[in-house]
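So the protein lines, in turn, are chains V and W. Note that the working numbering numbers the first sequence so that position 442 is 442, with each residue one more than the last. Count along the second sequence from 1, then add 617; that gives the number in the working numbering.
In case anyone wonders, no lab produced these hints; they're calculated from the structure. Where hints are given, some of them may not hold.
Said to hold, decoys possible - Taking CB as the label site, the calculated pair distances span: (1) V:Gly-170 / W:Asp-890: 18 to 26 Å; (2) V:Pro-219 / W:Glu-956: 42 to 50 Å; (3) V:Glu-216 / W:Asp-890: 37 to 45 Å; (4) V:Asn-466 / W:Pro-964: 56 to 64 Å; (5) W:Glu-956 / V:Glu-355: 40 to 48 Å; (6) W:Arg-899 / V:Arg-37: 35 to 43 Å.
Using N, Cα and C, we set each Cβ at its ideal position, and we do this for glycine too.
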Amino acid sequence: MKRHLVRPLALAAALAPMASCMGTPEYGERPARLETRVSDWRDEIIYQVLVDRFANGEYVNDVNVRAGDPSRYHGGDWKGLEDHLDYFTALGVTTLWISPVVKNIETDAGFDGYHGYWAQDLTQPNPHFGDMVALRRMIAKAHERGLRVVLDIVTNHMGQLFYYDVNMNGQPDILFQESGNKQRVNGGAPIPVRHVTEYDPDFDIRGIQAFTSLGEAGPAPVKFIYDPVSNKVPVFPEVLQNDWAYHRRGRVYDYDSVAQTELGDFPGGLKDVATELPEVRDAMVDAYARWVEEVDFDGFRIDTLKHVEHDFWNDFCRRVRERLAARGKTNFFMFGESFDGDDVRNGSYTKGTAERPLEHGVDSVFYFAQKFQVFDAVFKYKGPTRNISRLREQRFENYRTTPQPGGANAAPTRLLVNFIDNHDVARFLFQDGTVGALRNALFFMYTWDGLPCIYYGTEQEFSGGNDPANREDFWPTGYRTDGETFQWVARLARLRKAYPVLSKGEVVVRWDTERTGPEQDAGIFAFERVPLPEDVAANAIAQDAYALVVVNSNRDHESSTAFGTAVMTTGLPEGTALVDAMGGPGYTVGPGGSLTVTVGPESGAILVPQAQLVQGL
Amino acid sequence: MLRAVLRLACRVRPLLATAFTLTWLGGVAFAQTPAPPPGGSDPSQNGPPAPPPGSVVGPTTPPLQTNPLDPRTPVGPPEAPPAAGPPGSGAPAPAPAPPAAAPPAPVNQPIVKPTPGHTGQFEFGSYGRATPALDGRGGPGRNADIVAFGTRLDEDNYAELEFRRADDWTTEKDPTPITSRIVATLAVTDPLFHYTGKFDATLALRNLFIEEKGIGHPGLALWVGSRMYRGDDIYLLNWWPLDNLNTLGGGARLELPSRTKLAVHAGVVRLDDPFQYQAVARPLPYNQLGATRVAIFDRPRVISSFRAEQIFPLEGTAGIKVVGYGELHHVAKGVREREPAVYEQMPSDGGFVAGLQVGAFAGQRDTFVNLFFRYARGLAAYGDFTAPYELADDRTSSGAHEVRVAMSANWEGGPFTVLAGGYVRSFRTAAPNDLSFQNVDEAALVVRPHYYFTDKVGVFVEGTAETQQRAVLFEGQGRPVQGTMFRAGVAPFLSPAGKGSYRRPQIRAIYLFSVRDRDARSFYPADDPFARRSTEHFVGLSCEWWFNSSYL
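Bound conformation, chain V alone:
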């Protein structure tokens, strides 16, 4: 063989094996079968994480990252989550709720879609966070550690994909109509200047109307934007490329109006999808069920629940459950965000309304009413603990009391997601919050009925204001686990796990008060957690399991479960010895179940029968 042939042949021989190595990578294929990983969602503790802000695990996807600007991408990704799974387990959380994974509008008006709520393509992963392999691997690794992963989804709207050509000139404009002086000149009251942005005009029940200086000119044409640089390109699923797939009525401005909330665009020009259309429903079910099939999520957190008509949820929830059950995944948890203080409205997404009951609804919602009426009003601003009881009493009226057919294992009344703050509200520590009050609120949340949900950074005492200030980068914390609040949260998680009655037990309120001053019981709230018969029957909990939780929201002094001659009564027999799982003094139940428990300011006690005490927590 000629010498000059040797090198090329040797090179070819060397490269041949490399070529054959280009096979399907690990995690390159969808799971062969889905698994049900949760037996009882009441035992779960959710940790909400904004992927872009938690940990930057891969440099390769740090495209257009501007970490100094709160409204831009900062570089966090799924690999970053994977790298810090131990952090979550150390904290004691059991379920990760990750921000949306779908491809988003890249940027709009100087803001990036780092949060994930500006969807452009419901079928593709957001490449800023990694690829399908990275997502599958992160979730598989999380599952290996006993963590579940919940996907954040949006069906209400898509990103800023089109504008209303109000003046029909074929370009997006910001229009000013009227001078503001016309009537003044004529002696009347001035007409305010009408400010119209064609990206996000105010709601009009007729549909956004075109107008010129001569008056209205009929429905404004919808113009889809095509700008690949900002990823304003045709939407997927394909049905959403049609203008009729959107309500086209403009931006909601009156949140008390059902018509506006359900038909209006979400502020920021997020276009409201016509979810009543069968084609659109098919697309939504398919798109999001496919994510579970592809990646093996364990639940959905559903955005903007109240901006979509009830019937959609009836249809969506049923079909998703049926489809996933056919693939082997049941007990799939779907909880939604109804950002509203109206608990009746929030609860309606689990049971429907009096006029239109729902056969199928979501398994749970974010307990916004509790966030406002309890965590803010009681624990942050020292309002009366009677608020807690009042809201508790409404729960069984407002929410469905039986599990959703084919849904999560417990009734919505047992699965409400308790949270102190999240990505849409200022953090608890912002402005008037104190660390003591925060820990006390956490104590209540971990011992109260429902699923605790921690917003990332709470355990690190983040204190950001409203969006985007409340979406801080996490990496400056160094992922330390020795902070006092971190340790506090981790301990509460251990307690909740050690005493299943804290997560599964029925609540019996034993003391509340309207008093918030120097009074003896000011700030006291006491409640028992006792087993439900069905859980005992199912051997999910011991029949004698018991916990008495006493919390004092008062910041200034210790308080007791007594006022004047009135003393708290419990369901325990006289002489029962109780010890405080938190390390405080023990008590013995008095005659008639009476018991006066005293706790310090902004602190609490978990009293359990001495025989049930778990050491070392």
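Here the structure of chain V is known, so what remains is to put chain W in place on it, guided by the hints.
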């Protein structure tokens, strides 16, 4: 019957456009003839390459784009250098100048000898001009012509630097002369660093080709590359009125002992214009971040040309030169995007040129006269460097046409020489509009007599008449606007190379006075000084050179 023939012609036109390319691929053997000298177009003139008329017209001389008044074009057309040699004159410029007749001196000694008997050398040639000038009012001297091709006394600065490798591959074993040359021509134009202080330059590669001659037939030359491709010019107008193409392509030229020259060529031009090209942003595949630009519409114009030239010798060194010339232009159909997701079919398009040149030359001292006639239709009417504008309703250039009739001449006797050039041109766009600023009729005549006080020192005067009519009504008066301009200049000069209209280098002092009428002023936009002033002065110095550049 006639219609059937026309339909057939339309169908085969695109094929013909490329047919010329294939013509020379079949290499034919012909009898051998020595290569003509680089200069003049008269093969009988061995010597001195006729001074390139330096001239330099825009590479394209597109019908309107070169017009400084065209609002879409910055004043000052892109320069097109004189290709190489003298052609200019079209006339066989038999200038006897001995120095010029000498073969170019090698810049370097042969460097390589790949085959026994092979010789080769690097060569350098150049054309250039520089004109520092003021307008007598404190402003810069500025080209003031109102027609596409007027006097060049007020031309912009321009230079070409030609680097050439020339090899002679003749061997003792095979004495058939076989030569090759590799030509790279770098051109630079305004703005110049020393004027703006901005360390930058406007550069273009005007030539980049290889030509091989003598393989198969001693008179056969084949070339491939990017090339200025042109015939005879009108020096005074800096214009090649019959043939001037700039393409990326190839061609063949055959010179026969019968003083016949045949040339075919085919090349492509793809302008960055929506008529030919559109790149749009598209997302990257496989969910990659970002976007890229994709050429969704890209249709080069294929231009083929044919040129046949015959010299008929007269008494002595004189002769008659006749040139027949034709071009075919074609672009394929395509689809372009008018707005996102809205597409527009663009049909195929084409055009042709038919031209004739008749000239006579004395064979002494560059005395000659040339007459040109050229008709272009369709795509070809817009020139190779101009994308069609004002299209017909079918989005083609069908219906556009241009007619050129031009003349150039030079006479030299004793201490006197006289150069003259002129033309009449009519251009219509494809749009069937009665009124269009782009529809133009124009004419220009330039005469430049020289007087030489000594062999090296002389003076010339120059008179220019320019008129242009455009198909728009003059300020509501119901008549087409027709601007007229008269220009007169005087320029004492130094000519180290001796007497002759085409002798260079030359250094001059120039004064040029111009008068424009009201219609001519109306060609300019508001606040342009030329819109306000009826007279212009141009006071400056000028230098111009050419030597040793390639010509054909």
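The hints, checked one at a time:
1. V:Gly-170 / W:Asp-890: 18 to 26 Å: holds (23 Å)
2. V:Pro-219 / W:Glu-956: 42 to 50 Å: With Cβ atoms ~20 Å apart, the hint is violated.
3. V:Glu-216 / W:Asp-890: 37 to 45 Å: Between Glu-216 (chain V) and Asp-890 (chain W), where Cβ atoms are some 41 Å apart, the hint holds.
4. V:Asn-466 / W:Pro-964: 56 to 64 Å: Given range 56 to 64 Å: holds, Cβ gap about 58 Å.
5. W:Glu-956 / V:Glu-355: 40 to 48 Å: holds (46 Å)
6. W:Arg-899 / V:Arg-37: 35 to 43 Å: Between Arg-899 (chain W) and Arg-37 (chain V), where Cβ atoms are some 41 Å apart, the hint holds.
When each numbered hint is compared with the structure, a violation occurs for hint 2 only.
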